[in-house]
Amino acid sequence: MKNLPENNFWNEIKDRLDHYAEEPADDSWDKIAGAINNTPQPRIIAWLERRASSTQVSLAGFAFLVALAAGDQAATTWGSFVADAGVERVEENTATVQQEHSARAANVHDQQSAARETSGKMNSVGDVNDAGRNVVHRSDQQKIAAHTDPGKVALSETSPIAPLDTTGIVDPVYTGKHGLSAEMGPAVDTVDQKDPDKKKKDVVVTTREKKEAEKKDAQLHIPMVYFQVGPSLAFHKITPSTSDDVTITDLEESGVFATDRAGFSVEAGFQYPVLPRLEVYGGLSYYQQNQNIRYTLARAASGGVSGNADDGYVFTPATGTHEVKYTMRNAGVSAGVFYRVKTHLLEHKLGVGVLYQQGFQSAAGEGSAYTNKGSKYWQYQLQYRMEAGLNDHMRLYFQPGYTHAFHVDEKLNGLFTIKPYRAGISVGIVYLFKK
Amino acid sequence: MIGPELFEQCKRKDGRAQQSLYMLYKARLMGLCRRYAADREEAQDILQEAFIKIFTNIHQVSAAGKLEGWMKSVAVRTAIDHYHKRKRSIVFPETDHTPEVASADYETMLDNLTDEYLVSLVNGLPEGCRLVFNLFVVEGYSHTEIAGLLGITEGTSRSQLHHAKFLLKQRLTTLGVKRYEKLA
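In the order they appear, the protein sequences are chains S and V.
For the record, in the first sequence the residue sitting at position 358 is 358 according to UniProt numbering, with numbers rising by one throughout.
For the record, in the second sequence the residue sitting at position 14 is 14 according to UniProt numbering, with numbers rising by one throughout.
If you're looking for bench data, these hints aren't it; they were derived computationally from the structure.
Predicted model only: the values in this text are computed from it and were never measured.
Check each hint, because a few of them may be wrong.
[To be verified] Simulated restraints, written as ranges between beta carbons of each label pair: (1) S:378 - V:68: 49 to 57 Å; (2) V:13 - S:378: 40 to 48 Å; (3) V:11 - S:262: 32 to 40 Å; (4) S:262 - V:39: 37 to 45 Å; (5) V:60 - S:322: 40 to 48 Å; (6) V:19 - S:317: 34 to 42 Å; (7) V:45 - S:317: 57 to 65 Å; (8) S:258 - V:60: 50 to 58 Å.
The C-beta atom is built at its ideal place from N, Cα and C for all residues, glycine as well.
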């Protein structure tokens, strides 16, 4: 090198590069400040983000479901576990009637308050009625003071609503939510202790309650069978083997909605309600999917060597592209539980279960790395079911779900192991064995 | 040099102190990131990631005097992580027949080059060469350390450095010839 020794030349470059400075974009600090002011993400979120492409469908679905469940504050609850059109109508009427009671009671309460303010002492609020309606009897001033909550105002039989006689079919959950159940009985008792008709009515109410309880109990233990079918999108967690001399340098990823991720499943089995909101299920399951997994590998055992003694030698491993035909025909059994979270137009249920499947498809071809036959998969299932009654015996449902393999015993003569998982939506029918 | 007060405030995650530290070092670290990145946009991403790591992990630094060196090493490692994270395979070009470039008046050439142009020459190197060149020549890492950082052998690191130097000289020569032609 003319006029400049080699080292000095590189040192000058080093100095100039080392001291090189450049202004970043103006909004850089805003982005950094925004990031550092946020709380650190939990590991699970970071993990989900890294696998966003494969989990976004299921996450979006479950976020929607959770939102639905969380918003279930005002929904009325059907008295029976299994939908019964007749009972539904009665209970809807009941709810409507009670809402009317509640509204009217609130109205009366407002009038009571106004009356208290104007009259001071008052032994009865019966005279604050509106043209003879909404008559409320109170035994004394203390009763009025105790009932400051509009939802806890008691009504006597003199109310025009009373002849409807809905006492015996009051939905305990609904009334519990609105603070009516506990107050209504004692209030009625307090008002008309001396009324002989009241005793008769109490007997009628008790009989109806018993019948209703028996009916509910009968409906609770109705066995059901289900059948469902649906498409799904499959994804895989691929773990390269570390015990060989091969490095997988590239893996061809299909798009999230690629056609070769598509598969379908069929399931059929029994369901049985064990508690008003809980039912167990168990059945047979079939799953089918074809996918080609393409990857590039580098083999340490073969390759070329270049370089020289002064600068060192470079070993370039031989590379090649390979493909695994991942053709699955799996059959197995599943079992789990469904929990009814909400009943509003549809019955909304959250389900969790375990699915065991075994492959029975022969090898995709001679020399194929993957043999489905004999491969075993233990998977868990998360499901959300929206169910609607078609008639007394049939119910139709839509069921988004997520299935994830947690233990895989696969006949994969490959350089890696695979854990499949999939998101899908099924359509199914439930048949109720009702008398 | 950062004062101990600013350093302690940054450790306490004081927003104003963090912004002051950023203002002090943004240009230096952006310059570093520019050398590792293929373009300005990528350098911008690396810089932001590096500062986030700096502010998150500043408590690991024991004294204010060590902060500057630590910040630079964080930026360098972030630049390397950037490639690993994106699962981009670092391309190490064939280096079997790297010839020696004939001597030329590099001193004159370097004097005529701006720093920006010099950085653009480094940016123009193949990815693997660029990483090894920056780590060895500018940052002063050994081939053993570079091999560990990039997941390559020491031999690969040496040959990539050799190739990077050859390419830079070649481009400088070409540049010199062009300039001489223009001057003639």
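Here is what the structure says about each hint:
For residue 378 of chain S and residue 68 of chain V, the hinted distance range of 49 to 57 Å is satisfied, since their beta carbons lie about 53 Å from each other. A beta carbon spacing of about 45 Å between residue 13 of chain V and residue 378 of chain S agrees with the range 40 to 48 Å that was offered as a hint. Checked against the given bound of 32 to 40 Å, the beta carbons of residue 11 of chain V and residue 262 of chain S, roughly 53 Å apart, lie outside it. Taking 37 to 45 Å as the suggested C-beta distance range, the pair residue 262 of chain S and residue 39 of chain V conforms, at roughly 38 Å.
Here the CB-CB span from residue 60 of chain V to residue 322 of chain S is close to 43 Å, well matched to the stated 40 to 48 Å. A C-beta distance of roughly 48 Å is found between residue 19 of chain V and residue 317 of chain S, which places it outside the suggested range of 34 to 42 Å. Between residue 45 of chain V and residue 317 of chain S the C-beta distance comes to about 31 Å, which lies outside the given range of 57 to 65 Å. Between residue 258 of chain S and residue 60 of chain V the beta carbon distance is about 43 Å. The supplied range of 50 to 58 Å is therefore violated.
The structure fails hints 3, 6, 7, 8 (numbered hints given earlier, in ascending order).
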